[in-house]
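Peer 1: Kindly produce the complete structure, drawing on both the sequences and the hints.
As a plain string of letters, each chain reads:
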Amino acid sequence: MTVPEVARSPRWFVLRLPAERVSLRITPRAALCCLGLAAACLVLAVMALTVGTVPVTPADAARALQGQASADIQLVVVQWRAPRIAGALLVGAALGMAGALFQTLLRNPLGSPDVVGFDAGAFGGALLAMIAGAGAALVACAGFAGGLVAGALVYGLSGPAHGGRTRLILTGIAVGAFFTALNDWVVMSARLDTALAAASWRLGSLAGISGERLAVAALLLGLLLPLGLSCGRDMRAIELGDDMAACLGVPMATARLKLALTGLGLTAVATFLAGPIGFVALIAPQAARRLAGGASLPLLASALFGALFLLGSDVAGRLAFAPRQIPAGALTAGIGGLYFVALLWSQRAGGRPG
Amino acid sequence: MQMPAPAMEVRALTAGHGVRPVLDGVDVRFPRGGFSIIIGPNASGKSTLLRCLAGLVRPIAGEVRIDGEDLAGLDRRALARRLGLLPQQTEIPDGITTAELVGRGRHPHQSLLRRWSRGDEAAVAAAMAATRTTGLAERPVQELSGGQRQRVSIAMALAQETDILLLDEPTTYLDIAHQIEVLDLCVELNRRGKTLIAALHDLNLACRYATHLVAMRQGGIEDMGAPAAIVTESLVERVFGIGCLVLPDPTTGRPMVIPRGAARP
Numbered sequence: 001m002t003v004p005e006v007a008r009s010p011r012w013f014v015l016r017l018p019a020e021r022v023s024l025r026i027t028p029r030a031a032l033c034c035l036g037l038a039a040a041c042l043v044l045a046v047m048a049l050t051v052g053t054v055p056v057t058p059a060d061a062a063r064a065l066q067g068q069a070s071a072d073i074q075l076v077v078v079q080w081r082a083p084r085i086a087g088a089l090l091v092g093a094a095l096g097m098a099g100a101l102f103q104t105l106l107r108n109p110l111g112s113p114d115v116v117g118f119d120a121g122a123f124g125g126a127l128l129a130m131i132a133g134a135g136a137a138l139v140a141c142a143g144f145a146g147g148l149v150a151g152a153l154v155y156g157l158s159g160p161a162h163g164g165r166t167r168l169i170l171t172g173i174a175v176g177a178f179f180t181a182l183n184d185w186v187v188m189s190a191r192l193d194t195a196l197a198a199a200s201w202r203l204g205s206l207a208g209i210s211g212e213r214l215a216v217a218a219l220l221l222g223l224l225l226p227l228g229l230s231c232g233r234d235m236r237a238i239e240l241g242d243d244m245a246a247c248l249g250v251p252m253a254t255a256r257l258k259l260a261l262t263g264l265g266l267t268a269v270a271t272f273l274a275g276p277i278g279f280v281a282l283i284a285p286q287a288a289r290r291l292a293g294g295a296s297l298p299l300l301a302s303a304l305f306g307a308l309f310l311l312g313s314d315v316a317g318r319l320a321f322a323p324r325q326i327p328a329g330a331l332t333a334g335i336g337g338l339y340f341v342a343l344l345w346s347q348r349a350g351g352r353p354g
Numbered sequence: 001m002q003m004p005a006p007a008m009e010v011r012a013l014t015a016g017h018g019v020r021p022v023l024d025g026v027d028v029r030f031p032r033g034g035f036s037i038i039i040g041p042n043a044s045g046k047s048t049l050l051r052c053l054a055g056l057v058r059p060i061a062g063e064v065r066i067d068g069e070d071l072a073g074l075d076r077r078a079l080a081r082r083l084g085l086l087p088q089q090t091e092i093p094d095g096i097t098t099a100e101l102v103g104r105g106r107h108p109h110q111s112l113l114r115r116w117s118r119g120d121e122a123a124v125a126a127a128m129a130a131t132r133t134t135g136l137a138e139r140p141v142q143e144l145s146g147g148q149r150q151r152v153s154i155a156m157a158l159a160q161e162t163d164i165l166l167l168d169e170p171t172t173y174l175d176i177a178h179q180i181e182v183l184d185l186c187v188e189l190n191r192r193g194k195t196l197i198a199a200l201h202d203l204n205l206a207c208r209y210a211t212h213l214v215a216m217r218q219g220g221i222e223d224m225g226a227p228a229a230i231v232t233e234s235l236v237e238r239v240f241g242i243g244c245l246v247l248p249d250p251t252t253g254r255p256m257v258i259p260r261g262a263a264r265p
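These protein sequence lines map, in sequence, to chains A and B.
Take 1 as the starting number for the first sequence in the numbering used here and just add one per residue.
Take 1 as the starting number for the second sequence in the numbering used here and just add one per residue.
Because the hints were derived from the structure by calculation, they are not lab data.
Every residue gets a Cβ at the ideal spot worked out from N, C-alpha and C, and that includes glycine.
Hints are not guaranteed to be accurate.
If the Cβ cut is set under 10 angstroms, some of the chain B residues that face chain A in the computed set are [unchecked claim]:
1. R76
2. E91
3. Q160
Just so you have them, the derived chain A footprint on chain B, three or more residues with Cβ under 8 angstroms [stated by the list, open to error]:
4. 54 to 66
5. 80 to 86
Peer 2: See the structure below:
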């Protein structure tokens, strides 16, 4: 046989290349969900380029991106809006995927990096490097180191691995509170000019993302997002419990480390770019799972939903009270708070967790 | 007499956590093609022994061998193609269907690009047929009864296509009818050539179904062999600390244990 084979079962399509070197199982609903989310991201990005205090027609925006528009349009589209949109999409995707990784690893819908203090830790590291006057790459590295310190503290303080995941999450909340306080103190005691820059960063803002930072983040995410996607196979086994995953052939120590480091890396890059933005990592995986169907937290759909959610929040924050702007982080936190209450309510009522 | 090579074997095995090891210098052979059942009171080390066999607990001293090979030298994926485990409780993801869950048993045979081969499809179909769960394929596992769910878990372990299957208390939480159903299914699988090693609470069910019994007490082996050869009033007294009568089971002729206790007619 020399042609790819497409088999059909009630729930999925199977695509097989000759000699079965490649065989994939595709669920139509999950595929449609990813396509739909990607299309929505695209439409929203075009909209975000054109609307605002200076309205720009899509045609002008396209010309500006090619460098053929008038200077003021060029400034608004290329200097102001495009980096902000790219930043929102990248940060949202990174947070969405990090959320799916950690929520699967901790097998708890609350086990997301913003809840367990990893983003506060990453922000602490990045903040210190920034105040010390480090360059973009070093700030990113310091953010990752800060995330690692928070991760190590949470794991170390919550006791042995079999001590229970709820304990780990509670420890994470405490560690996160500690880092948030530390960050506030650092911002307060910094020199006035750095403190002002840090203060808007600390709220989780996408305004004024520099091209240099965007390039560093894009490069890192180009590595981290595919690495995250490659964790998907092991995650399907880890969902069944640590013992079961080990007996299905997953080397648990390595797999745990890979998931955690990839998730921390994604969180650190997102924080480096936009500051600690809460609730995207918490909500995106659960929302994506509901849209894509199935029993697992889908990595790609989580990333796409995160991107759409953050870009949507940023556009809304920019337009709702224009010319006043609300930082995207404040908006995601507002929406996230409502989601949190709904989640707790559904668990209280004995509904399905998550 | 030449003994056939055992499917699994532990030698001078010491294992556990903390200062006092749970298992202390244990030697056991699990015959190939047998249905071995480990019995013993709570905290006698049954579960730790089973977890050592599965490679989930690393021995402090001694070794675990599978087909004569040291378990410590095998990576998890290679081991997962030779040995499956039915844990006491499987975590079942919300909303997963039977077909999907059974399919996850194929994990050690798949890779990043080979995710659903014809072999995978055939193994899952065969596993579901053997456990009579084909009709449940599209049902969410969480809506199934305890007995059905246990059959689905066994189907997942079968889809893994290993020669050896470990079962940790496979009848816990099941009523008597489903206990019998699950153990009958085990016998059927055993007759088709699978080597089974189980830990079981119920002494009488163990006597009735095992081809090979391993009796444990306080982290050591008290006795092992065919039920008819080893189960006596004295063994039950030593292992469980209860007085009893051992009579031949009228249906199978195997030993049947009747505790004396304080009950009177």
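Peer 1: Give a verdict on every hint.
Peer 2: Cross-check of the supplied hints:
1. R76: Holds - the Cβ of B:R76 comes within 10 angstroms of chain A, reaching about 5 angstroms at its closest.
2. E91: holds, 4 angstroms
3. Q160: OK, holds: B:Q160 within 10 angstroms of chain A, min 7 angstroms.
4. 54 to 66: holds (count 3)
5. 80 to 86: Check passed, 5 qualifying residues.
When the structure is compared with the earlier hints, no violation turns up for any of them.
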